[in-house]
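A.B. asks: Protein chains in written order, with the working numbering: chain S, 1 to 625; chain Y, 1 to 625.
Keep in mind the hints are simulated off the structure, nothing from the lab.
One or more hints might be untrue.
One copy or two, it doesn't matter: identical chains are merged, so the pair holds either way.
[Stated by the list, open to error] When the alpha-carbon atoms are kept at most 20 Å apart in a straight line, the in silico EDC-like pairs for lysine to aspartate or glutamate are as follows:
no., residue 1, residue 2
1, Lys589, Asp328
2, Lys315, Glu146
3, Lys270, Glu281
4, Lys586, Glu487
5, Lys158, Asp328
6, Lys315, Asp176
7, Lys172, Glu260
8, Lys315, Glu139
9, Lys172, Glu329
10, Lys462, Glu608
11, Lys270, Asp492
12, Lys172, Asp266
13, Lys498, Glu78
14, Lys159, Glu136
15, Lys153, Glu199
16, Lys172, Asp336
17, Lys441, Glu26
Number of protein chains: 2
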Amino acid sequence: MKNPINQKEPNFQIDIEPIGKRVYAEPGETLLDAAQNAGIDIISLCGGAGICNSCKVRIIDGRVSEVTRNERTAFTPEEIASGFRLACKATILSNVKIDIPPESLSTPQRLQLEGQEFKAGLEFGKECVIRYYDLELNEPSLTSLESDLSRIKSALEKKGLMEVHCRFEILKNLSDLLRTQRWKVRTVIRYLLDDQHGEVVAVLPVGTPLYGLAVDVGTTKLAAYLVDLDTHDIVEKIGEMNPQIAFGEDVISRIAYCNEHSGGRDVLQKKLVSTINLMIEKMIKKRGIKLERIVECVVVGNTVMHHLFAGIPVKQLGLIPFVPAIADEMNIRACDICINIAKASYVYMPPNIAGYVGADHVSMVMSTRIHEKEGIHLAIDIGTNTEISLAAYGKLICCSCASGPAFEGAHIHHGMRAAAGAIERVKILNGEIRIATIGEKPAIGICGSGIIDAVAELYKEKIIDYRGVFVKKEFLIGIGTKHEGYELVSADFSGNGKSLIVTRNDINEIQLAKAAIRTGIDLLLQETGITYDKIDKFIIAGAFGSYINIRSAIIIGMFPPLPIDRFHQVGNAAGMGAVELLLSLKMRKLTTSFSRRMTYIELTTCPEFQQKFISAMYFPKVVDR
Amino acid sequence: MKNPINQKEPNFQIDIEPIGKRVYAEPGETLLDAAQNAGIDIISLCGGAGICNSCKVRIIDGRVSEVTRNERTAFTPEEIASGFRLACKATILSNVKIDIPPESLSTPQRLQLEGQEFKAGLEFGKECVIRYYDLELNEPSLTSLESDLSRIKSALEKKGLMEVHCRFEILKNLSDLLRTQRWKVRTVIRYLLDDQHGEVVAVLPVGTPLYGLAVDVGTTKLAAYLVDLDTHDIVEKIGEMNPQIAFGEDVISRIAYCNEHSGGRDVLQKKLVSTINLMIEKMIKKRGIKLERIVECVVVGNTVMHHLFAGIPVKQLGLIPFVPAIADEMNIRACDICINIAKASYVYMPPNIAGYVGADHVSMVMSTRIHEKEGIHLAIDIGTNTEISLAAYGKLICCSCASGPAFEGAHIHHGMRAAAGAIERVKILNGEIRIATIGEKPAIGICGSGIIDAVAELYKEKIIDYRGVFVKKEFLIGIGTKHEGYELVSADFSGNGKSLIVTRNDINEIQLAKAAIRTGIDLLLQETGITYDKIDKFIIAGAFGSYINIRSAIIIGMFPPLPIDRFHQVGNAAGMGAVELLLSLKMRKLTTSFSRRMTYIELTTCPEFQQKFISAMYFPKVVDR
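Produce the complete structure using the sequences and hints provided.
C.D. replies: Below you can see the structure in the form of structure tokens.
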């Protein structure tokens, strides 16, 4: 039935994935208009001219206008066939469902995505690590003289838990709590093996909500997630810099610090833990909850971060053959490493594979499920250290490459981390530079995704050659000075009154980093006798990995030139894996068996490593669109 | 063949049990002469006149002179038949083997006995709690990349240990140790269940000797034993006062202190632990060993001491129905309660039975094995709180009585603890007072065994009546003053220039204490329908229990008038039980099942308690010999 008051044409519904948001569009609007009007920041560098190719989206359902000429240039026929469009060129003709790839979104929008992505991937059974029981106990009397703890154990036995241990710390306030709560309490059990064996990790008043904490300890960045253990929702999250940066920006320099300073390991451990504690404090303050309600924690990190977090020596990780002190999963008591959560709770750390393939990579790979899928899957977690896993023909192999901190903005002349005002996208359109900054703030520096874009554009525009050498000097400023470089933003337009440039050295840093990654990919493929074009799914994890422009990464040769739709940017999958490991006992068991199946390849011992690395330093000869 | 040089008559060998010492006697010497010449201090108050009956011994084998008239007065015909003699009256006629009851020995000699007694009772299989393996591991290489810990686990698997956990603390120095020790290490495993499951609690250089620590935490006194885990010998022992005395001399006042002072429980816990740490320090310093070599600890104590040691609330132990927070055995990590032994080691605490029958009593009863023997056995541990267990017809029942600190010398006018100069034996011979002091030092006070003797002698000599009232005033000094009492030592002969007396109040304190104990014994017997004369073995444990004169205890009515040979003074059996529990896994398992079989009787809820207690205050009408 027609609405008699509103006579104008009806609005169209636009369902936007993976955000899961529904917006409305007036007839005649483009997808870009509709999204931007609804507050969704799709990146657009050319102002809707259809030339920057930043605003790509994929139509899942519904009708939009015909594919334009610009789009035929922007996409391959396969991509167009699978629904790829530039949002600025697609006019809405019906209700539509679209998917926005993370790289088309501005950083704050991408950050919002993470929790959503996680929810979609959730597949728990009833096998939770933490389960609670609201118990009503018999009050002691002269004819009922069992101990306080025995009462709890008997009540749990009636619920089928035959073997329940009790953390010693619980006893410190159990007797008082039972009496003030009039013998009605919520008993929190942590399961390690099966449904009959558990450990009491908290006894709280009935109705107390319970939380878990997942922490991803990166060499550079820390991410922490506060998870509601009832709804399985991430209710708070927070990122911080790893404070150990002050003692060395990569794992090698942190190991060196520990070797050279007696007590150095303790210093690094305490710095890290106190920052994590601050992150916890911020989240619980925001949420208005007490520490005691966080009853389980998962920490993932590369092997060096894993060892430094747990206060385990790292010296042997810096010496051939780089063996970890421990590879098995760990269940450490939170209080043993001074993590400020419930006194009797545990920190679970997934297994490490090798000295340079750690628990964070295991967590990431688990969350992507590549080990249980058909076809050939490659999963890569780009960071200061980059880990790569390849699942092919039931085999699982992995390696590690020292990509360095350039993608974090370190060692880059005007580098900065991905924060407000960082240039995150660069495009040279008809000789004119277009940039996008995080938060749309005036530019004050350039972050990893920005520098990759810049290098790719400079190469595409032939301003630098395949060696990374500036060949069109007329585009440079400060020639002959220390500050010789290609200017992205002039001093007049920058946010700090400085001219923001890309130097030869910056390009070289990116060459080193991308060469390390590509060498790893190629050697893994070689090990299994697969050529890159056989890869069905190329999964890119890590905060940085979600932000990069895949095309730019292909142009500079960091990634092999696969069709764009085979790439999947999955965000902080290590963190998401940590959240799943926080919740699911099944996942923990799978992780243990998975880590035993994984074969580690030590790249530096491959005879071709050196030569492959050197040739990977160059940019690929054929420049793609 | 006769020795041609030494023509005089041969010496006789005297084997002395339970000390296990062999001495030699000239023909014609008495057993007392022979023992004293060899440095064994048998108490003799009458100087060998055969009238003080202090020097009783039992002939196990060999010939001595005929029983004298004095001895027929001193012993019952049954005792004589079973070999009892006064050492001063028995002349040696052949090689002889004798047994000296603890009460016939001076305090320092008795203390020396404890380890010996323990050795005699040792009955382990191969089921040790702590076992070690000297491992030779494969060095890592580029073709052998397992973690350091995996190498240890694999080596242990080859030895049949399939499930080995590793204490997190081990990892803190494992990697360095393996490399400095060139992959040869001693791995120390703690067993909890069976031979296939263990936990690595220490990794040390090959050849490192290992020790264990057993601690008996009494309300008043602490005893610690350092045990060689290879030989099972007690290599050091030490006693100290419980520093919590400053916060209340009995358990009730300590509970009150915790209730009245916020943080009081922590204060008491820290005081106790720091004293135990000092005791450890003294022992290891004397022995010249490192803390890290002590790899297991057992702590026993009554339930309040147990809870206060572990830092568990005691408030509910002071409220009807006096239930413990935990009754099950505990395995706490030493570092969780700041006991300074090897970082990854555990403290095992045996189960508690009830609020006032604790792990120390369990440990004591276990060491006496009354639960596995035929007949009717009563085991009593006398202290500020006295626990009694009765094993009869396969039934095990126990109770607790508040005997108070009088036996520790507290609340006694010239009371002191059993230290040098304390009067430990009193005898009135023909109206003349004979005393023996600890260490044969001039008297400066009177300890528990001395005051029991004194009260018994005053009653026997009819200086006090059955109510404890002085009836022969002519023997008193200071009549009408606060210091009215019976003088044991005059100011001229005492070690501190003071006249040492026994007051009416002292007698009353002893009456309260002995009434509490006797009421407990009688109510336990009543519960099982047994009369006291049916008791086959009356085992007296506790340091104080070993020192008392059984006859005096019978005279004042503290113990039932059983034949003297049914009494067995077993020293600090709780401490000895703790040592056994330190070593034997079998004992730990038995203790768990035993504690579940034990039935606790709450005396204060028995309807007859009050009346029985009041009548037990009086001294028994019939005065025995």
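A.B. asks: Broken hints, numbered, in rising order?
C.D. replies: Violated hints: 4, 10, 11, 13, 17; rest satisfied.
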